[in-house]
Structures are given as C-alpha cells and as structure tokens.
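Number of protein chains: 2
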Amino acid sequence: MEKGIQWNEQVDVLVVGSGFAGLTAAIEAGESGKNVVVIEKMKSAGGNSIISDGGIAAPDTKLQKKWGIEDSEQMMYDDMLKAGLGLNHPKLLHTVVSNARSAFEWTIDALNVPYLDRVDIFGGHGVARCYTPEGVTGGTILKKMLQKINELGIPILYSTSFRSIITDEQGHVIGGAVLKEYDYRADTGIPANIRTQRGIILASGGYGADVDFRSIQDPRLDEKIQTTNKPFATAEVLKSALNIGATSVQLSEIQLGAWSSPDERGFGDGPLFADYILFQYGVIVDPHTGKRFVNELGDRKQLADAILHIGYPCIGIADDKAVKYSGWDISKAIRKGVVKTFDSMDDLATFYDINTEALQASINRYNGFVQRGIDDDFQKPIVDEAYPMEKAPFYAMRLWPKVHFTMGGLSINERAQVLDFNDNTIDGLYAAGEVVGGVHGASRLGSCAITECIVFGRIAGQNI
Amino acid sequence: MEKGIQWNEQVDVLVVGSGFAGLTAAIEAGESGKNVVVIEKMKSAGGNSIISDGGIAAPDTKLQKKWGIEDSEQMMYDDMLKAGLGLNHPKLLHTVVSNARSAFEWTIDALNVPYLDRVDIFGGHGVARCYTPEGVTGGTILKKMLQKINELGIPILYSTSFRSIITDEQGHVIGGAVLKEYDYRADTGIPANIRTQRGIILASGGYGADVDFRSIQDPRLDEKIQTTNKPFATAEVLKSALNIGATSVQLSEIQLGAWSSPDERGFGDGPLFADYILFQYGVIVDPHTGKRFVNELGDRKQLADAILHIGYPCIGIADDKAVKYSGWDISKAIRKGVVKTFDSMDDLATFYDINTEALQASINRYNGFVQRGIDDDFQKPIVDEAYPMEKAPFYAMRLWPKVHFTMGGLSINERAQVLDFNDNTIDGLYAAGEVVGGVHGASRLGSCAITECIVFGRIAGQNI
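Protein chains in written order, with our numbering: chain C, 1 to 464; chain Z, 1 to 464.
These are calculated hints, taken from the structure and not from any lab test. Each hint should be verified, as a subset may be incorrect.
Stated by the list, open to error - A few chain Z residues facing chain C, derived, Cβ under 8 Å:
no., residue
1, S72
2, Q74
3, M75
4, H89
5, K239
6, N243
7, I334
8, N413
9, E414
Claimed, not checked - Derived, one-sided and incomplete: chain Z residues facing chain C with beta-carbon distance under 8 Å:
no., residue
10, G86
11, P90
12, K180
13, E181
14, V211
15, P219
16, G245
17, T247
18, S252
19, N364
20, I382
21, V383
22, D384
23, F421
24, N422
25, D427
Glycine is no exception: its CB is placed at the ideal position from the N, C-alpha and C atoms.
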C-alpha cells in the first residue's frame with residue numbers, strides 16, 4: 001500500500017481528537033520527546049469533554065482521607081462492575097481503577113487543575129469519590145491541558161478530519177488520511193496524508209450523535225431521540241479502525257439519560273430538577289393514563305427503557321415542599337419553560353391533557369405508599385424525608401430520554417493497543433477514551449468517563 | 001483482486017452451512033434453476049439444527065384454529081419485541097412474523113415435514129403457537145430438507161471450511177476461499193477457491209461455542225460456562241464478512257438457556273422436562289431458601305438472569321399429574337439421572353438439602369395461586385390446565401444456564417442482503433439464520449429461531 005502514497009507530512013505520533021483522552025495522550029507522548037501532532041475536526045478543542053461537568057472519580061485519595069471517606073480500588077471496581085451488569089472487561093476495568101488515583105493526582109501535579117475542596121457521591125457509587133474542578137466544568141481541565149500542549153510545542157491542527165488508516169502490506173499502521181480545511185457541514189476538505197513513525201492514537205470520542213450508526217445497534221435510537229452530546233460525536237474514526245480489522249466491543253450498549261427534557265437541546269437544565277428532586281420525592285406518570293409505571297428511583301437504564309416503552313414523553317411531578325427541601329435552585333429551568341409550575345393538580349392535568357381524576361387517584365395512591373413507607377406498585381424505596389405530595393405550587397417537566405454515552409467501542413488491551421478479532425494487537429494503533437469499549441459494560445457510572453480518558457490517554461501516550 | 005486467483009470451480013450460488021437456513025436457501029435457489037453448492041465444514045449436515053427440538057413458531061395457522069387459539073402476526077411481533085427489550089430491528093422482525101405462517105406451511109407442503117397434532121406455548125409467547133415435528137427433533141425437518149436437496153441434485157461438500165470472501169476491485173463478492181478435506185481438530189485442509197456468479201449465502205450459524213469471540217462481547221462467558229451448541233459453532237464465517245466491511249449488530253446479546261442441567265453436557269435431555277412440563281405446571285425454587293424467585297414462564301433472559309443472580313443451580317419441580325398430562329416421554333432424562341423422581345416432597349427436599357417446611361410452604365402457596373388463577377408473587381400466567389402440585393411421584397432437575405444462542409450477527413435488510421456501516425448492500429453477499437443479528441434483539445423466544453432460519457433462508461435463496 002505504501003507505494004504511490006503522497007505523504008504531506010511526517011510525525012512520530014498522530015493523535016486523533018482533542019478531548020481529555022487525546023490531549024492527555026499527546027502530553028505524555030510529547031513529554032517523552034516524541035514528535036506529536038493532534039488533529040481536531042472542529043474549529044476548537046475539547047469535543048464533549050468541554051461540556052462535561054469535569055467530575056473525575058478515583059479511590060483512596062488524600063481528599064477522601066481528609067473528609068474521612070474510606071474507599072479502595074476494589075470498592076470502585078465492584079461498583080463499576082455492578083452497574084455494568086458484569087459485562088465490563090475485567091482487565092480494562094482493573095487498569096482504570098488501579099490507575100485512577102495517579103491519573104487524578106497527575107491532573108493536579110502536572111497540570112495544576114484546581115479542584116473544589118469537596119468529594120461527591122453520584123448514583124451507583126458506594127462512597128463519595130468524585131472530585132469536581134473549579135467552575136464545575138470540564139473546561140477547567142481542558143484549559144490546563146491546552147496550556148501544557150502549548151508549553152510542549154505540540155501543534156493542534158483544527159478543522160482536520162480523520163478519514164482512514166493507512167497500513168503497509170504487513171498490516172502495520174504507517175499513517176492516516178485526513179481532510180484539511182475541513183468543512184463540517186459539507187463534509188469536504190483538502191486530502192492529505194500524514195506519515196506516522198510510531199503510530200496513531202484514536203481518541204475521537206463516542207457515537208452518541210451518530211444516528212445512523214447508533215440505530216444499527218439500537219433501532220430505538222433514531223432521529224427522534226436527542227442526545228446530550230455535541231452533534232459531531234460521530235463514528236467515522238471508529239469505523240476507520242473496524243475497516244482495518246479492529247474488533248468492536250459491545251456497540252449496542254448505549255446509555256440514555258432519563259432525566260432529560262425534549263423541550264430543550266443538549267443536556268440542558270431540566271436534569272437538575274429530575275435527578276435531584278422529582279425522582280426522589282415525586283412521581284412520573286403516563287399522560288395517556290395518568291398512572292405511574294416505573295420505580296422513579298430505578299437506575300438510568302431502567303427509567304429510560306420504561307419511558308421509551310411508553311413511547312412518548314411522560315410527566316414528572318413534584319410539589320413545592322420537595323423543591324424547597326432539596327435546596328436546589330431550579331429557577332433557570334423554570335425561566336426556560338422546561339420545568340413548569342401549576343397552582344393546582346387540576347391545572348397541571350389540564351395543561352398536559354391528563355385525565356384529572358386518574359391523575360389525582362395516582363397521586364393519592366402514591367401518597368398512601370409514602371405514608372406507609374412501601375410502594376406496592378413499583379417497589380420504589382421511599383426515602384426518609386419523603387412525605388405526601390400535596391403542597392402547591394406543583395412543578396412538572398416532560399421526560400424523554402437522550403443518548404448520553406456509548407459504552408461500546410474498540411477492543412484494546414491494558415496497554416491501550418487496539419486488538420483484532422483474535423486478540424492480536426494491530427501494530428501502531430492505540431485508542432483511549434469513549435472510542436474504546438468494554439470498560440463500563442452495560443452502564444457507565446457518573447464521573448468514571450474522565451477517569452477512563454486520562455488513565456488510558458496516559459497509557460497510550462507512554463506506550464506508543 | 002481477481003487477477004491471479006486460481007478458481008477451482010464455479011457455481012451460481014455458494015451456500016455456507018448446512019443447517020436449516022443454509023439448506024432452505026439452497027432449496028429455494030435450486031428450485032429457481034440456479035447452480036448451487038452447499039459447503040459444510042463438518043462430516044455431516046445439520047449443524048446445531050439437528051440437535052434442536054425442531055419447534056417452529058408461526059401465528060394464525062390452521063392448527064391454531066383447530067385448537068381454538070386466537071393469534072395474529074401483530075401478537076407474535078409484540079411478544080418478540082417485548083422479549084427483545086425493544087432492540088429488535090423492526091423491519092427484520094416484521095419480515096419474520098409476516099412470513100412465519102408461509103414458512104411453516106412450506107415445510108409441510110414442499111417438504112412433507114410431519115408435525116405432531118398439538119400446539120404448544122413456550123415462555124414469553126402470549127399464546128400457543130409452536131409446532132413440533134414428529135420425534136421432537138430438528139432431525140425430522142433436516143431429513144426432509146436433505147431429501148429435497150438430493151432431488152434437486154444440489155451437492156453438499158462436506159469437510160469443507162469457509163475461510164474468506166473474495167471481492168473484486170469494486171467490492172463485489174465474486175467467490176470464496178475454502179479448505180477442502182478439512183481437518184476440524186487440526187484446522188487444516190487443502191485450499192481451493194470457488195467462483196460465484198451470483199453470490200454467497202452465509203448460513204453458518206452462531207458463535208455460542210466460540211469462547212474467544214463470545215467473551216470479547218460478554219467477558220462472563222468464558223470457558224467455565226457450558227454451551228448447548230455443538231463445539232463447532234464458531235465465528236470464522238461471521239468474521240470473514242466483517243473483514244470485508246459488513247456491519248455487526250448487537251454482538252454482545254448472547255442468550256443463555258435457563259432450562260439446562262449442569263448434570264449433562266450440551267443441550268441434553270433435561271430441557272424437555274423443564275421447558276415443556278415444569279415451567280408451565282411446576283415451580284423453580286432456590287435450594288437455600290426453598291422459595292420461588294421468578295415467574296417460571298418468564299422469557300429465557302429473565303429466567304437465566306434470575307438463576308445466575310442466585311449464583312448456584314436451582315431446583316425445578318413438577319408432579320406426576322403434570323408429567324402425565326403433558327404426554328411427553330421423559331424417561332431418557334430420568335435414566336440419565338438428570339431428572340430425578342421422588343416418592344414424596346419430603347424425600348425431594350432431603351435429597352437437594354432444602355428445608356422441608358419452607359419447600360412445602362412454597363408449594364402450598366403456589367397451589368393456592370393455581371386454584372385462584374392468579375400468581376400474586378411473580379405474576380406467572382396460570383394456564384387453564386394447571387392444577388395444584390400434589391400427586392407423587394415428584395420430578396425434579398437442577399437448573400443452571402448454558403450459552404444457547406447468539407442474537408447478534410451480521411446486519412441484513414429485508415431481502416437478506418448483508419449491509420455495510422452505511423446500510424449499503426454488499427453486492428453478492430446474503431445471510432440467513434443465526435449468523436444474522438437484529439431479529440431477536442436482547443432475547444430470542446423459544447421456537448422463533450427455526451422460523452427465522454426458514455423465512456430468511458427462503459428469502460436469500462429466492463433473491464440471490
């Protein structure tokens with residue numbers, strides 16, 4: 001294949017993608033003196049990383065000790081395996097948890113990322129082990145990474161789209177075909193070939209926004225389902241690896257957020273109300289029947305599946321007491337009209353076209369469960385602070401799942417090398433971050449994605 | 001690619017695999033005058049088909065009418081979609097259910113397959129719609145297919161292993177590379193290339209026995225988990241299609257059979273008792289508690305997940321009346337010691353080390369549900385013929401899941417054409433049967449596999 005190829009430039013290492021995984025890999029490869037270039041199809045860096053809240057999970061940290069939290073690698077491993085329904089690849093999962101603390105410390109020691117002086121617990125974690133950067137945004141981490149990239153003199157080629165992997169006759173990766181001056185809307189650009197002496201690190205993210213690709217694996221996820229991802233979270237780089245014999249892992253494991261509203265784009269502001277207030281203290285009803293149909297405190301997968309099974313947006317309701325008790329400020333969601341307020345349950349029923357008597361009967365039935373502490377219908381665990389829903393105003397939002405994360409991706413080994421069907425490495429091909437499959441199994445826990453990006457980004461950058 | 005290839009023979013259609021899908025495809029292609037050859041890597045025909053019980057599902061049949069059973073395509077569609085957790089590809093599922101009756105009738109009218117004069121209900125089906133050939137074995141159907149293959153003069157090349165798909169420069173399929181005189185244990189043979197004028201139909205079955213391949217997708221399913229499949233149910237043909245750009249669908253959806261016994265190898269003889277007698281008329285209990293823990297007529301996934309969650313083999317129990325009423329001969333399973341008989345429930349409890357009082361309480365409670373027609377605990381549908389379990393001898397078997405079926409496989413369209421990542425057809429490549437993915441979603445219902453094999457086998461053979 002090499003003969004006849006016009007090489008436009010030559011580097012040691014080509015990194016595809018400028019999110020957390022790609023920049024981490026570039027920094028590590030650059031630190032060891034390799035000649036690195038990062039390509040990014042969009043006009044600026046950060047991909048989905050920049051719109052995340054920046055939370056990173058790690059066990060056994062100084063911050064945990066300071067707050068008196070007991071944790072261990074094994075506990076984090078067990079939590080992730082439980083959420084993943086046992087489908088997680090043990091070696092990859094072990095690699096993530098055993099390197100999580102050093103990855104977190106690296107962001108402090110090498111990058112000077114400032115973190116809030118707190119440790120949070122997210123759903124599915126057995127203990128508080130999540131650290132949040134100042135500003136509660138991935139942008140804080142990204143800015144520090146870009147500073148380091150700049151110090152190291154690593155160029156980021158923006159508007160440069162990766163198209164295919166170039167191999168020699170033995171199947172070794174020797175370069176990549178790209179489109180420069182990439183026009184994202186027209187999907188056009190100027191072809192160029194980059195020769196790589198050491199190899200390529202794929203860090204292109206997931207395919208949550210790639211309707212065609214994701215709906216092959218889960219036909220429910222057609223264009224009617226929104227995503228919390230940026231619209232450019234597509235599968236072309238993943239496909240380029242499959243095309244040269246890389247193996248895919250668990251591509252049909254696609255995570256839906258159940259806390260999302262169809263009345264706003266992206267992640268939005270509704271999830272704060274849904275995840276922190278209504279799931280715990282309120283109810284979700286089918287507007288066609290006025291009835292509950294699910295344990296509102298089920299995990300993401302259970303809730304999303306139940307709502308999708310209903311087939312149209314369902315209505316989540318909480319009362320004033322719940323909102324006040326929670327302490328969260330949901331005024332932005334209300335201003336945007338994502339969360340609506342009603343002076344009475346009748347008004348609410350009328351607005352959403354729910355049969356008033358049926359809705360009130362459901363609320364009464366649920367209130368009875370709350371008073372008895374047992375949900376006969378859906379076995380929702382009634383939290384200690386719960387009380388009957390009865391105090392106006394009532395708050396409501398429409399709930400319709402959005403694609404949030406793709407657990408599936410490329411098969412890699414513990415050294416971040418991409419594997420073929422027979423678990424052999426593909427010479428010169430590495431991958432890290434959401435483009436990789438197998439770490440999270442059937443369901444990813446919150447704040448474990450950034451850990452994965454940095455752990456495997458570092459490993460890829462060090463090993464290539 | 002074509003230049004330099006030594007073609008050893010030329011046909012219109014090459015069919016890979018001699019199970020139900022492959023033979024059906026070959027018959028249909030042969031009936032329309034095409035020059036067909038079937039290759040089979042083993043020394044005899046039938047693959048996993050021959051070890052199945054031969055049950056085939058179809059809605060709206062004469063036999064259902066005769067027995068007063070109301071059914072429809074939509075009801076079968078809904079049942080399969082529910083079991084598949086909505087992951088089924090709607091067009092493929094619709095193709096299967098809308099052609100199921102004609103596929104079943106074709107086996108009678110064109111092949112003269114003799115069926116028992118009965119209609120059975122299997123777990124997850126809403127009504128009885130399963131037809132069983134005489135002898136309760138897929139061998140009965142296979143024999144008739146082989147007769148037809150013989151009549152049509154279609155050769156089956158045994159001990160011939162498919163290795164790779166040969167394409168021309170435009171990516172059109174023009175032939176296949178095989179190994180003749182294939183030595184299955186040594187994985188060696190004499191290379192030969194078969195030129196195909198019209199194309200290749202892949203009907204090579206699933207990868208239930210391919211520990212390496214299946215454990216990439218579900219790492220739990222390592223060599224310690226048995227399979228009901230023949231040991232040659234491996235993935236090399238599936239991989240050959242992925243290697244030329246075919247898309248895989250839902251490879252991580254791998255079904256475990258819940259009716260299997262750890263006390264015998266392979267599919268064995270226990271499943272006849274479990275699936276036809278105890279799930280309908282009996283109970284499954286956790287030997288550590290003596291209690292039921294699942295709707296015994298739940299679908300395979302529900303049952304297998306529930307038993308795996310318990311973590312050790314559970315005990316299925318039915319009474320003499322159920323066995324007699326069912327009409328099934330389970331003497332072989334009894335002779336093998338897989339199903340055991342007991343003169344009293346006390347003896348049974350003692351043998352399996354179950355607390356006698358707890359077990360009898362569970363049986364009494366269940367008998368109460370049967371008398372009222374409602375299972376308060378697990379919502380098992382109580383069939384009309386059910387009656388309290390009380391007549392000795394009691395029959396019991398240990399239940400522990402085995403890998404049974406791989407729902408994932410190649411992406412195809414309604415014409416059985418294999419698709420690439422962009423849903424474009426790969427010219428000259430067709431697939432049918434278990435090598436295909438997407439029909440069953442997350443879980444296949446019993447007796448729907450043979451329906452799929454025959455429906456898509458016919459379509460592939462007619463369209464190629």
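Index of numbered hints that the structure contradicts, given in increasing order: Of the numbered hints, 1, 2, 3, 7, 8, 9, 12, 13, 14, 19, 20, 21, 22 and 25 do not hold.
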